[in-house]
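S.K.: Sequence:
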Amino acid sequence: MNHHFLLIIHLLSATVWVGGHLLLVFGHLPQALKEKDPSIILNYEKKYEPVGMTALVLLVITGILMAYKYGVTIEYWFQFATPIEKVVSTKLLLLFLTAAFALSAQFRVIPKLKNNPDKLPEMAFHILSVTTIGVLMLIFGSYIRFGGF
5 MNHHFLLIIH LLSATVWVGG HLLLVFGHLP QALKEKDPSI ILNYEKKYEP VGMTALVLLV
65 ITGILMAYKY GVTIEYWFQF ATPIEKVVST KLLLLFLTAA FALSAQFRVI PKLKNNPDKL
125 PEMAFHILSV TTIGVLMLIF GSYIRFGGF
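Start counting at 1 in the sequence shown, then tack on 4, and there's your number in the working numbering.
Take the hints with a grain of salt, since some may be wrong.
[What the hints assert, rightly or not] Computed list of lysine-lysine pairs in DSS-like fashion (alpha-carbon distance at most 30 Å, straight line):
id : residue 1 : residue 2
1  : K123      : K51
2  : K73       : K123
3  : K90       : K38
4  : K50       : K73
5  : K50       : K38
6  : K40       : K51
7  : K123      : K40
8  : K90       : K40
9  : K40       : K116
[To be verified] Pairwise CB distance ranges, derived in the manner of DEER restraints:
id : residue 1 : residue 2 : range
10 : G23       : P121      : 20 to 28 Å
11 : M5        : T58       : 14 to 22 Å
12 : L46       : Q83       : 35 to 43 Å
13 : P121      : V55       : 45 to 53 Å
14 : P115      : L26       : 22 to 30 Å
15 : H7        : P34       : 36 to 44 Å
16 : Q110      : E79       : 45 to 53 Å
17 : M57       : T136      : 36 to 44 Å
18 : M5        : P125      : 38 to 46 Å
Hints listed in this document are in silico derivations from the structure and should not be mistaken for laboratory results. Ideal placement from N, C-alpha and C gives every residue a C-beta, glycine not left out.
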């Protein structure tokens, strides 16, 4: 598959993933915390999740395909030997951290959040963490242009 096409799909998916989380952080989370109303977050998540999860899947697929095009195949993941390996490996670690937060939110926080506004600060921590990780992944991805860090 053409590298340029993969990059465009990757960047569009990153726009949806990071942009959706930034919208949640700056557009919905403050209101939910102020009003102590979990439904504000839950309603946004319900609308965003199909689009956001599709974007995340595309990010993973295109990211792996581009890593292979740069010669960073699975046997070089987490070796951190070259600048490109450092970027790819760091982004993979951040992806695993994102998955951990997502699983924690989905199975531990959200079920309790529906009937308990006191869980909003914990949900806010999860949201802020995943958003920060997404922004970091975006920044690290930009280093590829210059051969890594």
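S.K.: Run every hint past the structure and note whether it holds.
M.R.: Hint by hint, here is what the structure shows:
Distance hint between K123 and K51 is fulfilled; the C-alpha atoms sit about 21 Å from each other, no more than 30 Å. As the CA atoms of K73 and K123 are separated by approximately 43 Å, the hinted pair breaks the 30 Å bound. A C-alpha spacing of about 40 Å is found between K90 and K38, which places the hinted pair above 30 Å, so the restraint is violated. Taking the CA atoms of K50 and K73, the gap is near 35 Å; set against the 30 Å cutoff, the hint is violated.
For the hint linking K50 to K38, the alpha-carbon distance of about 20 Å falls within 30 Å, and the restraint holds. Taking the CA atoms of K40 and K51, the gap is near 20 Å; set against the 30 Å cutoff, the hint holds. For the hint pairing K123 with K40, the CA-to-CA distance comes to about 10 Å; that is within 30 Å, so the pair holds. Restraint check for K90 and K40: not satisfied, since their Cα atoms lie roughly 41 Å apart, outside the 30 Å limit.
Straight-line distance between C-alpha atoms of K40 and K116 comes to about 14 Å, which keeps the hinted pair within the 30 Å bound. The given range of 20 to 28 Å is respected by G23 and P121, whose C-beta atoms sit roughly 27 Å from each other. For M5 and T58, the Cβ-Cβ distance of about 18 Å falls inside the hinted range of 14 to 22 Å, so the restraint holds. Here the CB-CB span from L46 to Q83 is close to 41 Å, well matched to the stated 35 to 43 Å.
Between P121 and V55 the beta carbons are some 26 Å apart, a value that contradicts the proposed interval 45 to 53 Å. Between P115 and L26 the CB atoms are about 25 Å apart, so this pair conforms to the stated range of 22 to 30 Å. As the Cβ distance of H7 to P34 is approximately 40 Å, the hint placing it in 36 to 44 Å holds. Hint check: Q110 to E79, Cβ distance near 32 Å, so the stated range 45 to 53 Å is violated.
Taken as a hint, the range 36 to 44 Å is violated for the pair M57 and T136, whose Cβ atoms sit roughly 19 Å apart. The hinted range of 38 to 46 Å is satisfied by M5 and P125, whose Cβ atoms lie roughly 43 Å apart.
The structure fails to meet hints 2, 3, 4, 8, 13, 16, 17 from the earlier list, while all remaining hints are met.
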